[in-house]
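**Q** Given these sequences and hints, build the entire structure.
In the order they appear, the protein sequences are chains D and L.
Each residue of the first sequence is one higher than the one before, counting from 1 in this note's numbering.
Each residue of the second sequence is one higher than the one before, counting from 165 in this note's numbering.
Hints were generated in silico from the structure; no laboratory data involved.
Here are the simulated lysine-lysine pairs, DSBU-like style, with alpha carbons at most 35 Å apart: (1) Lys327(L) <-> Lys37(D); (2) Lys37(D) <-> Lys544(L); (3) Lys150(D) <-> Lys544(L); (4) Lys635(L) <-> Lys37(D).
Cβ-to-Cβ under 10 Å is the rule here; a few derived chain D residues that face chain L: (5) Ile47; (6) Thr48; (7) Val50; (8) Pro51; (9) Thr53; (10) Val57; (11) Gly59; (12) Val60; (13) Ile61; (14) Asn62; (15) Arg64; (16) Gly65; (17) Lys66; (18) Val67; (19) Ile68; (20) Pro69.
Estimated spans, in silico, between C-beta atoms of each pair: (21) Met97(D) <-> Asp410(L): 42 to 48 Å; (22) Asp140(D) <-> Met595(L): 54 to 60 Å; (23) Lys229(L) <-> Lys150(D): 54 to 60 Å; (24) Met97(D) <-> Asp352(L): 57 to 63 Å; (25) Asp27(D) <-> Ala424(L): 49 to 55 Å; (26) Ile35(D) <-> Ile857(L): 50 to 56 Å; (27) Ile35(D) <-> Arg586(L): 38 to 44 Å; (28) Glu590(L) <-> Ile42(D): 27 to 33 Å; (29) Arg752(L) <-> Asp27(D): 46 to 52 Å; (30) Ile41(D) <-> Ala563(L): 24 to 30 Å; (31) Ala563(L) <-> Gln122(D): 56 to 62 Å.
Note that beta-carbon positions come from the ideal geometry of N, C-alpha and C, so glycine has one too.
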Amino acid sequence: MSHATQDLVSSNVCSELGGKYLTFMLDNEEYGLAILKVREIIGIMDITNVPQTPDFVEGVINLRGKVIPVIDLRTKFGLPRTEYNDQTCIIVVDVGMLVGIIVDTVREVHDIPGGDIEPAPQLGGSINTDFILGMGKVKDEVKILLDIDKVLVTDEFVQAAATL
Amino acid sequence: MSSGPGEQINALLAQLQQAAAAVELTDLPLLAKMHGWCEQLVDTTGDPAASAPAELRLEITAAAKTLEQLILGEIENAQQELNTLTTRISALDQLWAGIENAPAPAAGNSEHSAPSAAASTPEEIQPCASSVAVPVVEASEPLPGGYASEPLLLAASELEYVKGFVDEAREHLEAIEVAVLEVERSPDHMDKVNDLFRPFHTIKGMAGFLNLRDINCLTHEVETLLDQGRKGQRQITAGLIDLVFDVVDILKVQINEVAAYLPQPHGGVIAQPPVAKMIDKLRRVAAGEEAVSERSGSPPLKTGEKLVAMGVTAPEVVDFALEKQKTTTPEKKTGEILMDLGAATARQVSQATRPAAAESAPKAGSSTVADQSIRIDTLKLDSLVDLVGELVVAQTLVAGHTLIGSDPKLIKDVSQVGKIVRDVQEMAMSMRMIPIGGTFQKMSRLVRDVSRKADKQVELILAGEDTELDKNVIQQIGDPLVHMIRNAVDHGIEGPEDRAAAGKEPVGRVYLSARHQAGNIVIEIRDDGRGLNPQKLTAKAIEKGLIEPSQELTDQQAYALIFAPGFSTAQVISDISGRGVGMDVVRRNIQELRGKIEIQSEIGVGTTFTISLPLTLAIIDGMVVRAGEERFIIPTIVIEQALRPTPNMITTVQQRGQMLSVRGRLIPLIQLGQVFDMDGYINPCEAMVVIAITENREVGIVVNELIGQQQVVIKTLGEKFQHLRGVSGGAILGDGRVGLILEVSGLENVFRSYYQPMLDHSGATDHQGTLASVSNYKAVLN
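**A** Shown next as structure tokens:
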């Protein structure tokens, strides 16, 4: 594939992805989340366990009278778990319903133009890149832009065994 | 036909003005006619081919509105309003003539001979222009070809109105059903006929405005018939009432069609069920060309018919009396005339009329009064309830703050805020409450239809229609009630011969009542029919293999058999009920509402079903318990008792499961940790066991401690968790954290899937007798 073609492809695919992204840290990697999906950011709080759920479902919290599920993004991505501390945040996202995602820490909001976003890399078979919208370049750094709907919507939160 | 819109407008305007010159406030028929013309004019002037000025149409629309208000008596200063109206109507002519004369550049079409200058442009003559007038064609002049149904076209801009129309029309149809039943009870009350006339009229008006021709036309024809009725030109007979019911049914379908079209408006055509036949029939009936087919042996007999039925007099005499009533003394009642004729004594007549009076008496008190209300999206109400719940939690946190204790004034103020907050919460909750009367009233129609089909005479007696409960509960209780009322009429109440043989009144009674009781709503369905026969039920269950022949059942257990799936004692499966689906669904629905159903019955006397339901789905009384680190809420309604067992009450089965023996019963113990795959075995002897009952099975839930009883607002966990077993939702506890609400039957199912093999084996151990009967009992009631 020639250079020119690749540029063409990437600009075609990603130009509509340009916009504001909230970035957060997860195991020393920086991820981005389209700001329009984000409802609010709250500090870590007491989470009520829900039985019969996969590991990545931490439980439910009370968000001003609404009970919403919370998932641990580290576990979801197969990263090692760590203790929650005062940096740990719950980002409440709207994916048709409200879901809280637990991240190590929230960084900042970047405006990433479409031209600076490259399509998701094709990594080896063991790494699932379906969740990735693209790779955003901000100065020298690269942020992994997440398709949060895919992360949260595709999975059942209740283990199959429990539905027998 | 060659009449263009222009000519029609001329003719209508002339009629209207003539009438306006002569009309008086008391001349309701003429006012109604004028209203009809106005509506016709609105239709016709709306036709682009008529090229009528917009001002004209507006004026006429306003006039129609005023006329309607005059007819309905909604205007205070009626005479003055009428005078203004007549002046405005006479001015309409100039509005129309001015426009019509001035621009029309086309060749003068002089073949029209309307009273005023009748120039009409060629475009006005449409090939199908006649259809415009169809909806309001005078019913006494049936069209040569009958009514032709037309496909319906809705403009996108109208969709919002149409949605409003659907909602309103449904309400009106409900009102109509109630009104028809009232008219049926007391056909001589003209104001009841008026009550019936009005909603039809409103639907007609709205449908006309939205160009829903079929609905408009159908309602118009019914109106004509009812109009004849209230003017005394037509007797309100049972046949006529049947006809009105038929129309209501067709209208329901029509409106449902329109509603179904709304979600995906393709700007195209709504397929509507054919109404032409009904419209033509109504027209013929109205024109006196066709008689209304009367049914025989209708439940609310007229005085004369009753006297015949009582054997007091002969049908011929009654006919004669009725004839006489029509021709010479219309002000006298049938009974009086019969007395005059010496055909019946005063006592017999009063006997015959008494039940009728008794029927209408309670009705009069509960006559529906238009209440003041606004529509609110239920989602908004829900989030209000959510927020208020949060407010309560926040207020509790503030009130519990350590700083507050030191300042007496602050304590007082904070507790005052607390009081207000709780009042607000109560008010927010009450906004979801609506009276159950609407649902009950639908049952009247059902009883009427089912009893007719089953050839029985059944009267439905309602009580407690004002009882309020949560809108969601009301919506979900409708279907079970329909099932049960059907069963009561179809199975419970005997046929007239059987009743006579049993020495009962020929008319069976079904009582439907609602009342508050100890924080619950109790709905009772009672019939005075044949009652449930426990022997028959047991025999049937054995025949169906639901229980073992050796089993002894108490009466209560036998009654409970009717809730078993596939159980039906009806000898003949009618098309109404008796297929054995139903009561199991009824029980499931009621359990889903977290309610209970109980049966009392006596052979030959009747059966009573008592349903008790929580006031609202949003709140339950719960026992907050702690198991390990987590707190759970067990609904109080399922809790039988809580106790701390002594070691000798615990029996371990194969070292794996535990049973608790309480008063001779063996109850399996559920460890939440095990069922929920969480850590922590709790030794029951150092903790508490909550004994809960679900679908007549008992289970003991082992918990560390009982924290306390409180009312909690139920929150759904969302669709992602809808497959959770044993958990029905979450609730926000006093400290703001979420606690899970246990659903005991689900919990029991999960538990059984773990322990089923163990339970089956344990039948062979020393507890054989008891366990065998437990599992048999399961077979009965499962």
